[in-house]
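Given the sequences, and given the hints that come with them, work out the whole structure.
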Amino acid sequence: MKKSPGRIVTQENVRGKDDKVEVTVPRRVEEEELLEEIESIEEEQITTIKGIGNFAKKSLIVLGLLFSILIIGTVYDATMTASSMLQNAPVIGIIYLVLLFTLIGILFKGMISEFFGYKKLKRIDRLQELSKAYQETPSADVVRFAKELVSSYTEHENSDIAKRAKLLISELDSLMYDEVIERVDEKLLQPLDKLARESIVKYANQTALSTAISPVALIDAVLILSRSHVMVHEIAKVYGYRPNLLGEIVLFKKVFVTLAFASVTDIMANHSHDILGTSIISKISTHGAQGIANGILVARVGLGTMKACRPIDYHQSNESFLKGLSRLIAEALFNKKST
Amino acid sequence: MFHFIKDIELPFKIPLPDSTISVAVTGLSRSGKTVFLTSLINQLLANDKLNYLHEKLQRPFVARLLPPDAHYARFDYFSKLRDFRKQSPEWPKATKQVSKTTLQLEFKSEYAFLANQIVNLELIDYPGEWLLDLSMLDMDFNSWSKQSLSLAKESKRAVFSQEWLTLLEKYDLYAPIDEEVDIVFFDTYCEYLKSLHYHHFSFVQPGRFLEPGDMDGDPLLYFCPLPLKVPHQEVDEKSLYARFKRRYERYLKEVVKRLYVEHFKYFDTQIVLVDLIKTLQYGKDSFEDMHLSFKHILKSFTYGQNNFLTKLFSLNIDHVIFAATKADYIPPPQHNSYKKLLEEMIWDLKNRLDVSHTDTEVTIFSAVKCTEYVQAEYKGNILECVRGVVEGEEKPSTHYPGVLPSDYASEDFWQEHRFDFPNFRPIQFPSSDKEAVKHIRMDRIIYSLLKARV
Chain C
1165 MKKSPGRIVT QENVRGKDDK VEVTVPRRVE EEELLEEIES IEEEQITTIK
1215 GIGNFAKKSL IVLGLLFSIL IIGTVYDATM TASSMLQNAP VIGIIYLVLL
1265 FTLIGILFKG MISEFFGYKK LKRIDRLQEL SKAYQETPSA DVVRFAKELV
1315 SSYTEHENSD IAKRAKLLIS ELDSLMYDEV IERVDEKLLQ PLDKLARESI
1365 VKYANQTALS TAISPVALID AVLILSRSHV MVHEIAKVYG YRPNLLGEIV
1415 LFKKVFVTLA FASVTDIMAN HSHDILGTSI ISKISTHGAQ GIANGILVAR
1465 VGLGTMKACR PIDYHQSNES FLKGLSRLIA EALFNKKST
Chain P
-2 MFHFIKDIEL PFKIPLPDST ISVAVTGLSR SGKTVFLTSL INQLLANDKL
48 NYLHEKLQRP FVARLLPPDA HYARFDYFSK LRDFRKQSPE WPKATKQVSK
98 TTLQLEFKSE YAFLANQIVN LELIDYPGEW LLDLSMLDMD FNSWSKQSLS
148 LAKESKRAVF SQEWLTLLEK YDLYAPIDEE VDIVFFDTYC EYLKSLHYHH
198 FSFVQPGRFL EPGDMDGDPL LYFCPLPLKV PHQEVDEKSL YARFKRRYER
248 YLKEVVKRLY VEHFKYFDTQ IVLVDLIKTL QYGKDSFEDM HLSFKHILKS
298 FTYGQNNFLT KLFSLNIDHV IFAATKADYI PPPQHNSYKK LLEEMIWDLK
348 NRLDVSHTDT EVTIFSAVKC TEYVQAEYKG NILECVRGVV EGEEKPSTHY
398 PGVLPSDYAS EDFWQEHRFD FPNFRPIQFP SSDKEAVKHI RMDRIIYSLL
448 KARV
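Chains C and P are the protein sequences, given in the same order. Mapping of the first sequence onto the numbering used here: position 211 corresponds to residue 1375, and the numbering continues sequentially without gaps. Mapping of the second sequence onto the numbering used here: position 424 corresponds to residue 421, and the numbering continues sequentially without gaps.
Derived by calculation from the structure, the hints in this document are not laboratory data. Check each hint, because a few of them may be wrong.
Far from chain P, some chain C residues (derived; all Cβ distances over 10 Å) [stated by the list, open to error]:
id	residue
1	T1212
2	F1219
3	L1224
4	I1276
5	E1312
6	S1378
7	L1389
8	H1397
Straight line, CA to CA, 16 Å or less: simulated EDC-like cross-link-like pairs of lysine to aspartate or glutamate [claimed, not checked]:
id	chain 1	residue 1	chain 2	residue 2
9	P	K53	C	E1350
10	P	K53	C	E1346
11	C	K1351	P	E52
Far from chain P, by Cβ distances over 12 Å, these chain C residues were calculated [as the list claims (entries may be wrong)]:
id	residue
12	V1262
13	L1263
14	S1277
15	K1358
16	V1394
The C-beta atom is built at its ideal place from N, Cα and C for all residues, glycine as well.
Okay, structure coming up:
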């Protein structure tokens, strides 16, 4: 029996000990049974996510300490080498120093760039806070805020979004203060949400299909992580943010924090009961159901990324989206399996 | 995924029940009810300047005016349109009677097998003066007299009411007196009301005294508020008091109640038009008096959510839009301050409606945009101005209305700020039926009216 995050427990665990277990693969799964399976895997996933979060935190501290020791050692060693070279062979010593400072310059530039990338991500937090404040108490500053925000999308790689942003800027002055945030959300961010959701559907489908047919739990884990990584990057780009290394770490942290704080009850409220009502899903095998759960996990990572990257706080319900998504995945799986 | 359902066609279309929105266009006299209705019909029929509405609904529609109802006078949109299309258009004359019309909107169905959705917008126009009479329904002659006399004695009104108050002291109101005196009292009281109206006071009761409509010269109107009789004082049947009391009661029963039952009882949506420009022009007294008027007017309607039972027996107003008219008199950068002034005026009314489960909105608009926003340089300063043709003139001129404060907390606001708003002439309506008149935020107001049903 596999114990990886993406796998649903086999049917023996779901049923009572005294039940007679009839193993037929693939077989028809009852809706109640499927719900229980998904519920248990959700719990497992949450525990795993929390575990990963704690482990990542501790690992980062240890790595940070090790890296600091390494840097101090390298600096000390480089200084000693440079000093000895300047004494013995000044020309080579100077060349060595030039190369050393160039390297330091490149590293410094990289660090600066990482720092600004990080600051840009932190800016999203500030924007979310400000937009919330302006929604509660609209004032003249909201127009300036909205113009600044919308102008960052006028060069968006999606030409439709760029066009929308340009049109919206010209409209902002004619709006009442209390309409500004709503209008930006409606005209600009909702189309961005649509693009982000398309990415989520794409990667959730890919994950569901590939993990449904993969026989090894480790491959599942690798697939989930790699698809999630690409998806997070893509969604961040949709919202106009290109994460670098440090930014990506921070972004992943935010996404996982969002996930870890989502209780099982929230998840149940979000989509388990939708799955219960989805007759197509109840007709496919447990193996397929495992794929669906993995797809939904990736989708949840995607929604977490949306929440982390969206400059105006996300207040729409994801319920209907996840309901539709689980249907889409099930349909894709069902078709693939039958062909 | 299930988009194919939208394209399924059946040999017949499944019909949908028509829905009706009864709109109470509420406003005092000269607040722009007739212009609002004319522009509303014009916008929906031409359907070319309703960007916000189209964006929100995402469903094409056509509008048509339904044939007039035989029981009521028809709101004559076409003659008003003709007047607005003249070379030198003028604002419509004061409304003198109740008129109605129904605008039918047909929305394209989202599903091929469903019939198109029909929404009927029931609209009513009437003299704004009559609206204030509705709140008299809750008062008997004594309480109405008490309220009117206490208002008449207030310092801001005393200068106009002096003659009438003196007349009240001259006669014994409870002893037998000749009926010929009645008209003297009526005329003096009417003069007082006309002075108030002329000096831009809004709370003037009974409104029929100013705009009698088909009751001009009717002896039923020969009454006015009288001081309360002393307890145990004998009142002769032939006294002024007895006659005025009888007429007041008949007036309420035969005129006001009939008006209410026939025209004002069955509404589910209300738009309250507020002429804030008037209050800015004429100061705090005008502002407070208008607030008092709306306070009384809103008492006359029933508010709350509609359910199956309320729909069967009567309707509650479940959606109220407070809208400041003439937004084109204010340069756009000050529109937020203009809206804030409206919020300042109606905050208590809005709160009361909010607790009675009524959706409320506050907005500003201009049914007919008769000015353009311009910036003018004056003594080295850039001023936010509006440019339009002032009534009585031929060429457009630029006007600086003054600066509205962003916060009305200051007590000195009404003393410090002086505004200048000339009466602008309306712009000429486009001669083509395909083109509607320019407006400010009418598309948003129309969306607010329709959103619950579409």
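Least C-beta distance between C/S1378 and chain P, which was stated to exceed 10 Å:
holds (26 Å)
So if I understand the rule, the pair passes when the alpha-carbon distance is 16 Å or less; does P/K53 with C/E1346 pass?
Measuring from Cα to Cα gives roughly 13 Å; hence the hint holds.
Restraint check for C/K1351 with P/E52, where alpha carbons must lie at most 16 Å apart
Within the cut-off at roughly 10 Å; holds.
Nearest-CB test (10 Å) between chain P and C/L1224
Fine: 42 Å to the nearest Cβ keeps C/L1224 off the interface.
Interface-negative label, C/H1397 against chain P, beta-carbon threshold 10 Å
holds (27 Å)
So C/E1312 supposedly isn't at the interface. Is its beta-carbon more than 10 Å from every beta-carbon in chain P?
Given a closest Cβ separation of 18 Å, the condition holds.
Does P/K53 pair with C/E1350 here, judged by a C-alpha cut-off of 16 Å?
Cα-Cα ~10 Å, so holds.
Minimum Cβ-Cβ distance from C/V1262 to chain P exceeds 12 Å
Non-interface label stands for C/V1262: nearest chain P Cβ at 57 Å, farther than 12 Å.
Closest CB of chain P to the CB of C/T1212 still more than 10 Å away
holds (31 Å)
Distal placement of C/L1263 relative to chain P, Cβ over 12 Å:
holds (59 Å)
May I ask you to check that C/I1276 keeps its beta-carbon over 10 Å from the closest beta-carbon of chain P?
holds (40 Å)
Beyond 12 Å from every chain P Cβ: check whether that's true for C/V1394.
holds (24 Å)
When the structure is compared with the earlier hints, no violation turns up for any of them.
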